[in-house]
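Letter by letter, the chains look like this.
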Amino acid sequence: MDEKELIRRSQAGDGEAFGVLAERYKGKVFSLAYGFTRDRAAADDLAQEVFIKAYLSLSRFQARSEFGTWLYRVAVNHIKDYLRKNKHRLKAIPLQEAGDRALASADLGPEEERLREGQRKIVQAALARLPEKYRVILTLRDIDGLSYEDISRILKLSPGTVDSRLHRARRKLREKLTGRLGRQGGEHGL
Amino acid sequence: MDCKKAERFLLRSLDGKLDPEKKTLLQTHLEKCPSCQRKDRDCRMILSLVRPQTVPEPLPYFKERLLAKLEEKRKTAPALLWVKWAHRAVALSLAAFLLFGAGILFFRPQEPQELSQTEKFLLQGENPLGEAASILDQKKAEDRNMMLIFASVGDRDVSRRYRP
Chain A
1 MDEKELIRRS QAGDGEAFGV LAERYKGKVF SLAYGFTRDR AAADDLAQEV
51 FIKAYLSLSR FQARSEFGTW LYRVAVNHIK DYLRKNKHRL KAIPLQEAGD
101 RALASADLGP EEERLREGQR KIVQAALARL PEKYRVILTL RDIDGLSYED
151 ISRILKLSPG TVDSRLHRAR RKLREKLTGR LGRQGGEHGL
Chain B
191 MDCKKAERFL LRSLDGKLDP EKKTLLQTHL EKCPSCQRKD RDCRMILSLV
241 RPQTVPEPLP YFKERLLAKL EEKRKTAPAL LWVKWAHRAV ALSLAAFLLF
291 GAGILFFRPQ EPQELSQTEK FLLQGENPLG EAASILDQKK AEDRNMMLIF
341 ASVGDRDVSR RYRP
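Protein sequences appear in the order of chains A and B. FYI, the numbering for the first sequence is 1 to 190, going by our numbering. FYI, the numbering for the second sequence is 191 to 354, going by our numbering.
These are calculated hints, taken from the structure and not from any lab test. Treat the hints with care, as some may be off.
As the list claims (entries may be wrong) - Per label pair, the in silico range of CB-to-CB distance:
id	chain 1	residue 1	chain 2	residue 2	range
1	B	GLN217	A	GLY145	23 to 29 angstroms
2	B	THR218	A	LYS85	46 to 52 angstroms
3	B	GLU221	A	GLN62	49 to 55 angstroms
4	A	ASN86	B	ARG278	46 to 52 angstroms
5	A	GLU149	B	VAL273	23 to 29 angstroms
6	A	ARG64	B	SER238	50 to 56 angstroms
Computed from a predicted model, the values in this text were never measured in an experiment. Note that the Cβ used here is the ideal one computed from N, Cα and C, for glycine as well.
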């Protein structure tokens, strides 16, 4: 069924039509939430909450933008709220400990893979410590791979602001990681 | 090119947004600047690490669970709406009551005040002490007292009457 028709029916209160829309977009919304939480259950809860929020505010959607863009905006705002509420809990793990935990986990295979996973955890912990606006833009661009134009529409920022904020976010992340990943080894230790 | 500009180009190059001319300039700079080479290596490594290795699927029965929650929301929505509006009504009533109280307190109509005898004399350009002076000039105490009594009875303002 045509997306416009599905939206119209959903706005009229047809839950099944909204279910079809949710089925189409669940991957994207879940992936966005997973990029922030790195936890399957938490990302699933967040994605469900996003769709409920979207359904309840669907009457305000006026098709001035794509439905996907609007849904992404709802999702980003909801995830921002979640990050604010869980700020202290999410930042609790020190950077080095995050890497050590990954290295200590028994289910990883070869040495190089374990080191790589340790480094990944350190980067993830450093990302969680960035100010929210930098974390959001880095997740949208570097994790979800959205284009500058899409980010600009979702965050309601000018393309110039997207460019400069992304530039600052990447620099800050690199500064946070300087000297951290080296201790975990790897051929390109920082 | 200085290192600051090189860093800007470098970060842009991560998105493949650098035009060929700037790319050549960056390459020339990187060849002779070990510090920027390290930055370039760091940035590319972070970019490869920042993405999760795999993104799992949402938990099973995503749509079914969602529809069940929406149904639940729909059932509780009228009650929630009532609670929401009840809260608003209480808040609005309180605000209206406070505004009404403040209005009465600050914008109470002033009663027109009657002028005292002295003010009347002053407005007419006469000496308000003239009458008092003539009373006090009396040599006999009885006359003075009588005049004071008459003067106080003549004054309509009860609070200003003579009290022995």
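Exercise. Taking the CB of ARG64(A) and the CB of SER238(B), does the distance hold inside 50 to 56 angstroms?
Worked result: Between ARG64(A) and SER238(B), where Cβ atoms are some 37 angstroms apart, the hint is violated.
Exercise. So does THR218(B) sit 46 to 52 angstroms from LYS85(A), Cβ to Cβ?
Worked result: holds, 49 angstroms
Exercise. Within 23 to 29 angstroms or not, the Cβ separation of GLU149(A) and VAL273(B)?
Worked result: violated, 42 angstroms
For this session: Take a look at whether the Cβ-Cβ distance between GLN217(B) and GLY145(A) falls inside 23 to 29 angstroms.
Result: holds, 25 angstroms
Exercise. Is the gap between the beta carbons of GLU221(B) and GLN62(A) within 49 to 55 angstroms?
Worked result: holds, 53 angstroms
Problem set entry | Outcome for the supplied range 46 to 52 angstroms, where the beta carbon pair is ASN86(A) and ARG278(B) | violated, 29 angstroms
Comparing the model with each numbered hint stated earlier shows that hints 4, 5, 6 do not hold.
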